[in-house]
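Number of protein chains: 2
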Amino acid sequence: MKDLYSMLHPKSIAIIGASAKNGSVGNELIKRSLEAKFKGKIYAVNPKNSEIEGVPCYPTVLEIPQIVDVAIIAVPAVAVFDVVKQCQQAQIKNVVIISSGFKEVGGEGKELEAQITNFANENNMNVIGPNCLGIINTADDVCLNATFAPLQPTKGNIGFATQSGALASGIINILPTLNIGLAQMVSLGNQCQIDALDVMEMWENDAHVQQILMYLESIPDTKRFREVASRISKKKPILILKSGRSARGAAASVSHTGSLAGDDTTATGLFATSGVIRELYLRDLFNTAQVFEKCDIPSGNQLAIVTNAGGPGILATDTANDYGIPLATLTDATKSKLREVLPSQASVNNPVDVIASATAEQYCDAVKILLGAKEVDILLVIYLYITGKNDIAITQYLETLKKKYPQKPIVCVYMTTPDFEDEARAEIPNWDIPTFRFMVDALHSIKRLIERKEYLEKDNQTTPTLKVNKEKAKQILENAKQQGINQLTTMQSLQIFDAYGLPLPKFGIAQSLKDAKDIANQISYPVVLKLSSKTVTHKSDIGGVITNIKSEEELGFWWNRLVDRLNKANLVESLDGIVVMQQVSGANRELVAGVVEKNGVHQMMFGLGGIFVEALHEVTFRPCPLTIQDAQSLINGTKAKNIMGFIRGGMATDLKVVQETLLRLSQLVTDFPEIKEIDANPLMIDDKGRLLVVDARIVL
Amino acid sequence: MKDLYSMLHPKSIAIIGASAKNGSVGNELIKRSLEAKFKGKIYAVNPKNSEIEGVPCYPTVLEIPQIVDVAIIAVPAVAVFDVVKQCQQAQIKNVVIISSGFKEVGGEGKELEAQITNFANENNMNVIGPNCLGIINTADDVCLNATFAPLQPTKGNIGFATQSGALASGIINILPTLNIGLAQMVSLGNQCQIDALDVMEMWENDAHVQQILMYLESIPDTKRFREVASRISKKKPILILKSGRSARGAAASVSHTGSLAGDDTTATGLFATSGVIRELYLRDLFNTAQVFEKCDIPSGNQLAIVTNAGGPGILATDTANDYGIPLATLTDATKSKLREVLPSQASVNNPVDVIASATAEQYCDAVKILLGAKEVDILLVIYLYITGKNDIAITQYLETLKKKYPQKPIVCVYMTTPDFEDEARAEIPNWDIPTFRFMVDALHSIKRLIERKEYLEKDNQTTPTLKVNKEKAKQILENAKQQGINQLTTMQSLQIFDAYGLPLPKFGIAQSLKDAKDIANQISYPVVLKLSSKTVTHKSDIGGVITNIKSEEELGFWWNRLVDRLNKANLVESLDGIVVMQQVSGANRELVAGVVEKNGVHQMMFGLGGIFVEALHEVTFRPCPLTIQDAQSLINGTKAKNIMGFIRGGMATDLKVVQETLLRLSQLVTDFPEIKEIDANPLMIDDKGRLLVVDARIVL
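Residue numbers (this note's numbering), protein chains in the order written: chain A, 4 to 703; chain R, 4 to 703.
Next comes chain A alone, as it looks inside the complex:
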C-alpha cells in the first residue's frame, strides 16, 4: 500500500509552470489554490517571474527554500521529465502531472510516460497523472485545491476519483444543486503509477472520506480490485460508474460461456462480489451519494410514506414497488395515533395522506408518529407546497427528528417553490436531509440504502472447500496434456466432473457394442450415446449424440449407424470411445453453467439454458473462486430463479444442490488454473426437481 498521506495533506506545494497569464492552466492553478485558502505554503515555479498573483516565484524547484510536499506540474509534455528529475533532486516525494501529451496521444508520448514512470518508481516518488485535472482536499486544516477547475467544490464527505478530469470539473460546477460535497478529489489521468485502487486504499482509513465515488473507464487489475474493494466496501460505501458498457466483444453466435463473457458483464460480477455499488448513470450516482452522505444505514427495509397529496402518494407506491421496496404495514396503535392528530379525511394507511388542508403541525405530528413506530425503518416525506408556506417549518422539524432517530433515514421529495433551497440553507444552519424533486430519484437511493444494509449484514464471504477427488482429476488432466489434447474428450470431461462430485446421470464408456449393451443393462434403458473424440469439438454437428434409445435392438441399430458415420468421416482413429449415458427423463427445464478465463480470472456463468441462452440472455457472471454468497447471487441473478421453483409439471429443485454445483465448478478451476473454459450445458431439472449435468466440456 502506497503512503499517499502527504500527497493529499501537504504543508507546502509548488506549482511548476505557474503563469501570470489570465485563463492559462498555470494561472488557474495558482488562483484556485489561493481561493481555497490553502493552509500551507504555496510556491510558484517559472523562470520568467518573481511572483505570480502575489505568490513567490522561483526559476526551478531547486531554488525553493524548503522541501515541498507536492509538486504540481503544468509545463509542456516535453519538459515534464526534466522537471520530475529536478523534483527528485529537490527531494520532493509527490508529484501531480497536469500536463497532457503522454500515453493518450500514443507514440513518443507513450514512451515518455513510461520513462517518467520508471524514474519515479526507482526513486520512490508518487505520481498522479499525467493528463489530469489535479487534486483537492477540503478538510479545514488542509484546504487544498490544486486543480484548474473553475469553481471551488462544496465541502462534504465524498472521496471522488475519476478517469475523466473534465468530468470532475463539470461535477464541481453542479455540486451545489446536487446537495452533496467533496472531502477529497483525485483526477487519475493516465494512472501511470498511482491508480484507482491506490486511491481507494488511501481513503480506506481516512475519516473525512465517508464514501468513495469513482468514474472508471477500465479496471486494470481484476484480482487486486476484488481484494481491495471487498475489504474497503465493508467499511464505507464504494459507488462506481464504469463507462464503456456498450463496447461489445465478439458477436455471441454460439452459447459457450466464453462468447457471452463480455468485459462489462464480468465487471458487473466483479463489482457484485466486491460489494461495490454500481450505478449506470451520473444522475443515479449523485442521487445515491446524497443519501449516503446524509443518512445512516437503516436497520430494516420497511418504508413508510407520508404525503400531503394523494396522487404523489400513489406514484410513490408504484415506484417503491418497481424497486421492490416493501411498504411497512402500520399497526393499529400507529394508525390510531395518526387518527388522533390528522384531519378526519386523512388516510392513516401507508402511504399516509395527511391531505392538503393539514397544517404544518399536523404534518409534523404524522412524521413524528411514523418515525417513532417500530414497524417503520425508513421514511419518505412528500411535501407539495400548496397553500401556506410550511416547507421551512417542516424541514426544521425533520432536522430535530433526525437527531432523535439517526438510524431511520428520512428522505424528502419536495415540489416546492424555487426559492426553497436558498431559504432552507439560510434558515436551517445544518440542513442535512436528502432532498429530491422526484419520487423515482428518492426511491432509487432508498433502494441503495437497503442494499447496503443487506450487504453489511451478510456473513463474511466464504469460499468453502468441498470434498472432491482432486487426484483423479489431476491424472485425467495430465493424461490429456500428454496426449496433446486441448479440448478434453466428452469422457474425460465427464470423469473430471464426476471426480468433483457434480450431479451426473449414470454413464460408462464403451469401446464395443458389447460394452455398450453391458453398460446399458447396468444403468437401464432408455440411454443416450455420445461420441467421445479427441478431435471433434462439436459432437452434435456430426450427429454424435443419439438420445432416447429404448432397447437393446435400438442400441444395436444406432451403435452401428454411429460407427458407420465415424468411418465415413475418418474419425475412428481419434475416437476415445462412445459414452453410454442414462437418458434424463421428464427434464422440463434447462439451465446453463460454465466458466471461462478472462484476463487471468475465471468467470463463472449461470442462467437460463437451451435456446434461451441466446434468445433471452438471462445469464450472469461472478469471478472465481466463488464464495457461497456469489453462488447465491448467481442463482438469484436472473429469471432462471423462476424456473427452479415449483412450476406446472415440475417440482422445485433443491437450491443447495445448484449452489454446490457452482461451488464445485469454481473449486475445479481454482485447483486447475490451466482450465480455460468449462461448459456444464445443459444443466437439466427434471419433473421431480432433480438437477443433472447432461453434458460436459472442458478446454485447456
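The hints are simulated quantities; they were obtained by calculation from the structure and are not laboratory data.
Honestly, I wouldn't trust all of these hints.
Any copy, or any two copies together, can satisfy a pair, since identical chains are not distinguished.
[Unchecked claim] Straight-line distance between alpha carbons at most 25 Å, and here's what the computed BS3-like set of lysine-lysine pairs gives:
hint, residue 1, residue 2
1, LYS691, LYS542
2, LYS106, LYS338
3, LYS484, LYS601
4, LYS88, LYS113
5, LYS553, LYS517
Keeping the supplied structure of chain A fixed, place chain R upon it in accordance with the hints.
Chain R only, in chain A's frame:
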C-alpha cells in the same frame, strides 16, 4: 364532443365563496386571478362582503349585472347544489367546483355529486370537478388563473390535465426549473361530468396547446379512449402518466390469458395502440415534455454527439446504446471538415470530442458541421464548462443554428455553473433549446422524439377483414349455447379455430376406437388423443391428453385406458368424443396467444409460452380489434421475438403467419363478442419454422 371553449376562454368569471380572509381558498382564488391579469371581468360572490381585494362582490350570482361565462365554486359541499341551481338561473353555462366533500368521501357526498351531475346534464351545463384545484389558460388574450395554487405558472405550449389537484400545484412550483410551461391546465377532480377525454378533445384543435400531458389514476371508458386518443395523437403528442401500476389483480396462478390481463398491462396495450406516450415517472414526463416543447420531430433517427470531454462522450454512447438510439456514422467528408476546424487531438468520430482546450469558436464550428451533415438527424451537445466562460456564447450560436435546421433537434447537456440558467435567460431572449444536466435524461427524451417520428410515419392503422367461415363458427357457437355449455369442448373450439383459418395440425373426432384408427391412418402416426368434454375444463388434470402414440397397437392400448379413466370418473356421459390429432414433431419453441374480455373490451395476449408464461412473464396485451400494427407490436413486444427467428436447431418462422394468426383471433372475438376468453396455447414453432396451434379453448 362538448363545447368547452367558453370554459377555458371566459370573458367573465364569478368566484363564489370568495373570501377576504388571508390564506383561505376563496381568497387565494381571487388573488391568483388578479395576479394573472385576467383579461375579462372578475366578480366575487359572498353575502358578507361588498368587495374583496378590490373586486366587486355580490350576495349571489343572481345579482351580478351580467351573465358570466364561468362560475368558480368554493363554498362548503352542502351549499354547492344550491349554488349550482343559482348558476343555472343566472344562465351560467360553465361551473368549476373547487369544493371537496363529494364522491371522494363516499356516502352522502357521493349522492350529492350524483344529484348535481344530473341537474347539470339536464340543464346543459358544463361541470369541472368537484374536488379540484381549478383551471388555467395562459394565452395572452385570456390570462386566466382560477386556481388556488400558490404561484403563477410559466407560460408554454402544454395542456396539462390531472386527476390530482395537488400535483398540479406542485408542478406549477417547479415549472421554471423544468424549462417547460403551460398553455392550459385543467384539474379534473372527481370528473363528475367533464372527464379527461372531454379535455383531450377540447385541446384537439386548440393551436395554443401543442402537446397534451395527463396524470391519470383511471381510464373510465376504454373504447372511447382508444377512439379519441388515436385520432388526436396523430395531431399532437399525448403524454400520460398513469398511476396505480402496482395494484395487482388476482394472483396469476394459472397461465390462462384472463389471469395475466391486469388492469395495468391492458392499459399499456391501450396506450400503445392509441399512440399515447406512456411515462412511468414524473421526472421522465417532464423531461420528454421539454423536448417536445422545444423541438420539431426529426426526419431520421441518427444521432451525433459532440462533447468537449471524453468521459461524458463515452457515457453518452453507453446510454444511447441502452435506449437503442443509433449513432450516425460520419462520412469522410464530414470528418475532414471537422479535422480542418478542430485541434489535432480532437476525435472526429461520433461521438465527436473537440477536447477541453477547444475554443468556443471551434466548438461552434463542429456543431455547425454536424448539423449540416446529411447523415445526422439529431444532435446531442455536451458541454462541460472548464476554463473560460463559453456556455452563453455556444448557446447563442445554437439558437441561430436551430433556426437554420429546424427539423434537426438539438438537445443540450450542460454541466455548467449554477448561474448559467439565469444568465442564459437574461442574455438570450428566446432561449429555446432543451437543456439537461444529465445525459440519461436527454437521451430518454431523444428516444421519445424518435418513437414519435416512427409513430407518425406509420400508415394509418388498419384492421383487415380476412376470409373466414363465419357461418360455420356461428353454428358451432349456437349449438354450444343450446347445450348450455359455457366452456366449449376441445372439438368445438378446434372447429371454430379451423373455420377461422388458424394453423392447426390435422385432426378428427372419434366416438369409437374404430373411428380413431381410421382418423389416425388418414393423418398418419404419431398422433395425440385429447378428451373433448362438455364438463371437463382442464383435460390434462384428469390425464385426458395422451401424446406421441406411434402405432395402431399403442392407439388401442391408450384408447381403452382413457375410456377406463372416464368410466371411473363418471365422465362418459358428458363426452363429446375424443380428438385424434397429428403429433407435432420437432416442436422446439412454445408461444402463447389468447384473448380475454376486460371491462367490455377484448384484450389480445401474445408472448413466450410453456412454463415461461409464468416464469418470465414475457407477454404483452393489445385491445381488439387488432390493427396490423397492433399485431406487429405484439410480435415485437417481448423477447418472444428472439425465438421466432432462426435459432440453433430451428428455422425462422414466417412472421406474417404469426401476424395473421393474431388477426384471425381478433376477428373471431369481434364477430362474436359473446366469447369471453380464448386460449391458443401452446402455439408451437417446429424445427422447420412452422407455426401450429396445438390446443384450443373457448369460453363464452
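Identical-chain pair category, LYS484 with LYS601, by Cα at 25 Å = Cα proximity of LYS484 and LYS601: one copy only (21 Å, versus 65 Å across).
Within a copy, between copies, both or neither: where do LYS553 and LYS517 come within 25 Å Cα-Cα?
-> For LYS553 and LYS517, the Cα distance is within 25 Å only inside one copy (16 Å; across copies 29 Å).
Could you figure out if LYS691 and LYS542 sit no more than 25 Å apart (CA to CA) within one copy, between two copies, both or neither?
-> Answer is between: at 22 Å across copies they meet the 25 Å cutoff, but 29 Å inside does not.
For the identical chains here, do LYS88 and LYS113 meet the 25 Å Cα criterion within one copy, between copies, both, or neither?
-> Classified as within: same-chain Cα gap 18 Å, cross-chain 86 Å, threshold 25 Å.
What label fits LYS106 with LYS338 when the C-alpha limit is 25 Å: within, between, both, or neither?
-> So LYS106 and LYS338 pass the 25 Å test across copies only (24 Å; inside, 64 Å).
When each numbered hint is compared with the structure, no violation occurs for any of them.
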